[in-house]
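S.K.: Chains as they are written, first to last, in the working numbering: chain A, 1 to 173; chain B, 1 to 173; chain C, 1 to 173; chain D, 1 to 173; chain E, 1 to 173; chain F, 1 to 173; chain G, 1 to 173; chain H, 1 to 173.
Think of the hints as simulated: they come from the structure by calculation, not from any bench. What you were told as hints is all true, and nothing was included just to trick you.
Derived, one-sided and incomplete: chain C residues facing chain B with beta-carbon distance under 8 Å:
1) R69
2) L94
3) L109
4) P116
5) T123
6) A125
7) L136
8) R150
All C-beta atoms in this analysis are idealised placements derived from N, C-alpha and C, irrespective of residue type, glycine included.
There are 8 protein chains.
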Amino acid sequence: MTTPTADSALPAPLVGVVMGSASDWSVLGPACDTLDELGIPYEARVVSAHRTPDWLFEYAESAEARGLRVIIAGAGGAAHLPGMLAAKTLVPVLGVPVPATLLNGIDSLLSIVQMPAGVPVGTLAIGKPGAVNAALFAAQILGTADPALRGRLAERRAANEAKVLGQTLPPQT
Amino acid sequence: MTTPTADSALPAPLVGVVMGSASDWSVLGPACDTLDELGIPYEARVVSAHRTPDWLFEYAESAEARGLRVIIAGAGGAAHLPGMLAAKTLVPVLGVPVPATLLNGIDSLLSIVQMPAGVPVGTLAIGKPGAVNAALFAAQILGTADPALRGRLAERRAANEAKVLGQTLPPQT
Amino acid sequence: MTTPTADSALPAPLVGVVMGSASDWSVLGPACDTLDELGIPYEARVVSAHRTPDWLFEYAESAEARGLRVIIAGAGGAAHLPGMLAAKTLVPVLGVPVPATLLNGIDSLLSIVQMPAGVPVGTLAIGKPGAVNAALFAAQILGTADPALRGRLAERRAANEAKVLGQTLPPQT
Amino acid sequence: MTTPTADSALPAPLVGVVMGSASDWSVLGPACDTLDELGIPYEARVVSAHRTPDWLFEYAESAEARGLRVIIAGAGGAAHLPGMLAAKTLVPVLGVPVPATLLNGIDSLLSIVQMPAGVPVGTLAIGKPGAVNAALFAAQILGTADPALRGRLAERRAANEAKVLGQTLPPQT
Amino acid sequence: MTTPTADSALPAPLVGVVMGSASDWSVLGPACDTLDELGIPYEARVVSAHRTPDWLFEYAESAEARGLRVIIAGAGGAAHLPGMLAAKTLVPVLGVPVPATLLNGIDSLLSIVQMPAGVPVGTLAIGKPGAVNAALFAAQILGTADPALRGRLAERRAANEAKVLGQTLPPQT
Amino acid sequence: MTTPTADSALPAPLVGVVMGSASDWSVLGPACDTLDELGIPYEARVVSAHRTPDWLFEYAESAEARGLRVIIAGAGGAAHLPGMLAAKTLVPVLGVPVPATLLNGIDSLLSIVQMPAGVPVGTLAIGKPGAVNAALFAAQILGTADPALRGRLAERRAANEAKVLGQTLPPQT
Amino acid sequence: MTTPTADSALPAPLVGVVMGSASDWSVLGPACDTLDELGIPYEARVVSAHRTPDWLFEYAESAEARGLRVIIAGAGGAAHLPGMLAAKTLVPVLGVPVPATLLNGIDSLLSIVQMPAGVPVGTLAIGKPGAVNAALFAAQILGTADPALRGRLAERRAANEAKVLGQTLPPQT
Amino acid sequence: MTTPTADSALPAPLVGVVMGSASDWSVLGPACDTLDELGIPYEARVVSAHRTPDWLFEYAESAEARGLRVIIAGAGGAAHLPGMLAAKTLVPVLGVPVPATLLNGIDSLLSIVQMPAGVPVGTLAIGKPGAVNAALFAAQILGTADPALRGRLAERRAANEAKVLGQTLPPQT
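Please put together the full structure from these sequences, using the hints given.
M.R.: In structure tokens, the structure reads:
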């Protein structure tokens, strides 16, 4: 239905990365980069809760059968996308608040995280750090059944630790 | 599908009053009382965005054909009900933030009002005052084509004005 | 009394678009563009609650008789314009919080939306998205009695949906 | 027009204490008590910006001629009363945010204090402390031309200071 | 080391439910109830980031080897427990903000959700709804590799949907 | 003691304009401009609550005797200047929250306005609009005993009203 | 000058515990209990920034000479006490935000913590936990030169750790 | 382990300045400058709570033995560094909220200051003013046992006071 071009080169996506508008790419793109880095196949799609509600339902309803194991959904303002996906599928949905309004993402954070009992969304930080972490959390979920992936995550952590330990002050610019 | 008992005694509802849970009745009930007072036929239904998403879509899709001219939707927390209804129908949707969480309704206010360009929700105040005002606003919308209703609204306003002008200080308890 | 130049080219305005200052035009202008796009006749006026209170009352008192069916009012800071118009007319008033202070519009949002029971203002999102949505909500109100307008709204939504479905990732710049 | 019973026993009120509803008396009453204590003649009235806008204008327009030197206005939620009075008179208006909604008065504080350049409202703290302080501030204004009143204020301060200096810990209950 | 008594009756816990203090049980208990209801073996422990930091590290370091597949961590105020666990294990950590201070949980929400890129915590709503949802989210994670559990989750959802559809208005008390 | 150069050219200042740092001049300067415009003699001084507490006390203690009738005090962050002046003099103190920190002035607003019962500060809006309004409010206070000044204020308001009524849309740039 | 009765039984107070009003004792009392528990001599006094400003200056100016090594200051609303003490002495001042207004202490937190560069206040949590922690932080400061005190602090921590490790779930009531 | 280059030229550091990332140097650097200015030996290190948790524990556990008397810890977002250090050492920890996210440091402020009873962090203002003040507060702590340092602090204060008293308005640019 849509014409995405940012899917991973790997076949059979395990993670669906969706966002309310192509303009959210600057925030969600780093999630895709992180999945690429970890060798996790994914697809990236624009799915708008408010402008394409039927496509949202179709996406959610078909997610499990199409093999998706985690959905990462980013949205701004009155961010309904993650919660409505979560209402329509049992695939775990990770929500990334996008700072799309003058309130700097506090509106989208509350719209995503304050779900009522019964329909959870695992919410990450506002903006790019949240997008990267959504990818890492998806990897941790997939890693519960994939020791090799768990190994790659452990390597990534070790590299990050080493990088911090090697930082000098004042920083070299 | 549902078994509501709070519909107005009048036939052919013009206003749909929906809420995410029967426990929201204490907030939304005053909207129904106000509609009753103004002689506006309505129906009251529990429609949960997260627990009954299909019923939400069905409700929104059939609203116009069933004769609804305004929808009043109350919801708390990550309040997606008004926005998702608005995404699925062109019948004007009025949103009432319900104080259902520890954040006293500021979460539901932002979740309802911060809609992206393209899909509006006319948002009222948090809690009961917002519910009463949603009913009055619905009446004002219907009144644009109904002089008699406009007259009843004008009478109600005049009565309120007189009531204020007659208040004494300190108040008689 | 004022010398507006931004009125629609169509005669007999149905919507009054008012703002507290000409400097609010950058926010409210998109409301006028949207009304133009939908073929809805409107007038645009500067009406300041605090600097021209008498003109505000005159505007509100004459609105219904002059044929206005909806008023869109944008204001920033201690935004009293929408609520005071609503107090003086039964024409539905839509409020648009303008980010005019250092608080990014959260002050105007609360000043507009937290109206007491009795005098409703249908409140939209902070800033330009709210202005566009006020125009669309006005159209939905007018559309309840105008099937042709409803048709144009439906076309606009379908076009928006198609536009989203056609978006590619990463976005083509 | 109204039937107040809480006016000071002294003739020729210098301070007008107005509130949006008789239910605000529990907050504004302490302002009147403080004025009584200082021997300042006042009148207390219910004036609602939204339910009695014409009475509001009439009150403001006649205030100076009737001899009022200061107006104390308390209001809750979308608190428009102080700002609209200030827009209609040059008598100094002191605003007291009343905690009338679920937001505990932060909405009324912002609605009162964030006035645009041109029309000031001297704003006090939320709730009863603000009401007492509005009375004291009115007294300080009147005291600029009334040495005897200034003396009573100085005595009150000295008494308060002595009271604090005499407090014991833990407090005697 | 600790003497918990709230573990599930089932052997080999897959989910660790930890909280900063036994007084958080009123919030986290519903997470355990939900896991019980879904037949998911869990253990419940008091682990305080600030009072038992070594025990926290020990808990996190041993989690994976002991067979835990998900950790649910609830904490209030400066809620460091979820984030520090996440820093020490690759087992997915779900964070539940506990309303333990005068700020009603907004402090713990921000302390849990605003993690930097590199160490994710999947955050749920403040308080009991978040605790229930953490259990459901843990079940959805485990369900990605357990069709029977997925079936129980689907049944639970269907039951919830039916319950909402059967609600009457006004609610029967 | 200090070496101010921004005092009005008029003798015998009636208004003291004080600020915590010379860097606050960009915010408080407009208050002086407005006083100049209204022909009100003033002095402008840097008085820091935290860096020159003794000078603050000296300033406050001598204010009344030196003929000051109103003090305008601007301060940012933990803004203690207005409240401490108010604690040391019965001359009315007007507080202007200066946006000096990353919190955009909400910290200084709360630090200034939330005074306990007994010591009032009349608080204006955050930033320049508040500074202009402090000058106007000072003028209104002085105007209670100065009909000529009241006349100039009335002229200024009329001019502002005329200016708004003459604004065109879209604005001429 | 004042008549305190809550001083420690030990001679030569090292810590001054001050609060704006005897009604703050319910919050600050636990600080004194903690100091008692650790065997640290202290004095407790009511010192109001706004009602007894001269006493505040006197207290601060004499603190060092009287042997105080740390001052703990609790205050609510526009909490100026800690910052003004800090402006008048080089004895380290610890600030405890007291929840004395409708804003639950967020106003006092910002008023205390947002001090400008030059005059620090070490700020603790809102309310009782902050009061206890102020006492512990004072003990840590004194402990830098008192190994025995450091030992008592270490014992207290170990006892707390043991207490947490011994907690059972569900808690025994 | 790390390779810092910003340590003071003096031997035997008394203050440890740590930050979560080298990118925090722009905020924490001024703390080091202030310590240099006061002649206090310090070390500066990158210690990340989330990326180098073991290094954090090692740093905290060895701090006292290595002669550190105060630790200054700056962190942004979900700022766990100060609180976790405080959990692992009795050396007083001063926390500086770093504005590292879209929430401008209010998230890190709450994450640092809202510590539970038992483990205090003395919190300073958000950003650079807080960093400078952390250094000054560390100096005041060290000064309780170092009259010469107290003298240098007193000189610095006097210089600041003189600087303010010499400021002219409008400021010379």
